[in-house]
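Quick note, the sequences are listed as chains V and X, same order.
Using our numbering, you'd call the opening residue of the first sequence number 202 and step up by one each time.
Using our numbering, you'd call the opening residue of the second sequence number 14 and step up by one each time.
For the record, the hints were derived by calculation from the structure and aren't laboratory data.
None of these values were measured; they are calculated from a predicted model.
A couple of the hints might just be wrong.
[To be verified] In the DSS-like style, the derived pairs of lysine-lysine whose C-alpha atoms are separated by at most 25 Å in a straight line are:
#1 K317/V x K90/X
#2 K310/V x K91/X
#3 K310/V x K24/X
[What the hints assert, rightly or not] Restraint ranges, calculated between C-beta atoms of paired labels, are given here:
#4 D97/X x S247/V: 45 to 55 Å
#5 K248/V x D97/X: 34 to 44 Å
#6 P236/V x D26/X: 47 to 57 Å
#7 D26/X x T279/V: 39 to 49 Å
Cβ atoms here follow ideal geometry from the backbone N, Cα and C, with glycine treated the same way.
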Amino acid sequence: MLTVDTIDNGTVVDHIKAGMGRKVLDLMGIDQNYPHRVALMINVPSKKTGKKDILKIEGILVSDEKTDLIALVSPKATVNHIQGGKVVKKSQAELPEKISGVGKCPNPKCICNSEKVPTRFTAEPADGYRCGYCERRFAASELV
Amino acid sequence: MDLISFRELEKKDVEDYFQRAEEMDHQLARKKVEKLDGIVATMFFEPSTRTKLSFQSAAERLGMQVVDFLGETSSLKKGESFEDTIRTVDGYADVIVIRHPMEGSARLASEFAKAPVLNGGDGGNQHPSQTLLDLYTLKKMKGEFKGMNVQLVGDLKHARTMRSLLFGLSMFGANVKLVAPRGLEMAPEAVEEVKKKFGAKLEFSEEIDFAGADVVYVCRIQEERFEDKYEAMSMKKKFTIKPEYLRGVKNDMIILHPLPKIDEIPPEVDKSPHARYFDQARNGIPMRMAIIKKALEG
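The following block holds chain V by itself, in its conformation from the complex (with noise of 0.2 Å):
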């Protein structure tokens, strides 16, 4: 059995879909740079699911916006602020209603893509998102 350490203070994003924890790292903007202890368990027995990835981020408490964005690529995980050892939050991702900054839009030809801008994208209905430049609509998990 692998065991991970608890934290005392951070954040514990829990069923993230398997193999989906790398992308969330990258949405939290977290590298070899970040100061603290991250631990990211991949491919977790779950009873709901079968499989699902646990991140564990020491150090920080992961805005409401960030937390949403992790909707994108796993609309079922949930966010744990971790203080003193207790959970004192915990929240559910939910796909916002606009995107800026972040991801990348899949359309090749989008000027966004050679261009310096950043993306921007805005919700429509069935998980679907517009690019605000090229105009085209894609599926949230396209975007990261």
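Chain V is fixed; fit chain X onto it per the hints.
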């Protein structure tokens, strides 16, 4: 006021463009056009005959001056960015008309420019002045949209004019039949959008049959899109508007085409009274005069 995407227009906006274009038609007929001051910059990063010349002609007829940006002889060749290019031209003109191969380029240009930006085609995305002149042509030639049977025929997947035209026709309640070879059908998202937004009831077909049509709007089958060249040839042959296809059609049926046409409409059909695409192209003048005037009014 910018004109970037037909999708942003409401019915009342389109009707306002119709009224303005009609007024321009009257002024042109009377040879008494109300003059405007200012300079229109045309920035075409891609080839164009009708859009560029008709915007330039429209500006001149309004008494405005035209400066023309030529990408090949500009500082783009030295590596100047899109943003700097737009900001520079913005300082020289009161209206900017832009055509660029990248989708979303006109919208981005409008964010860099203080002058109104008019989209003359951004890749496969939008060509709103074409859609406005197409709808204006239909209104002039056929009257009411409600109950009008329109067939959109050809490569509906890649032609940007067809996607916007479907949006416009659905907005005004026309009956639309989409006729395309398998693999070149209209994008499902465009079909779903007009069904949800306007309750459009559409017909679909892979076969050409103009019976009952009031309007046939044709675009080219693009041979380069097919992997199988034999299939491409056979589709091109099938989707060429042969004179025999016009037997038994309504007497007042009209054929429109955004032009340029290559070989999808043979010269014999040009002589038919049904062929109205050159009249359609001429309507680019009053409509683009209306668009420039409205852009300057803010």
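Contradicted hints - numbers only: As far as the earlier hints go, 3, 5 are violated by this structure, in ascending order.
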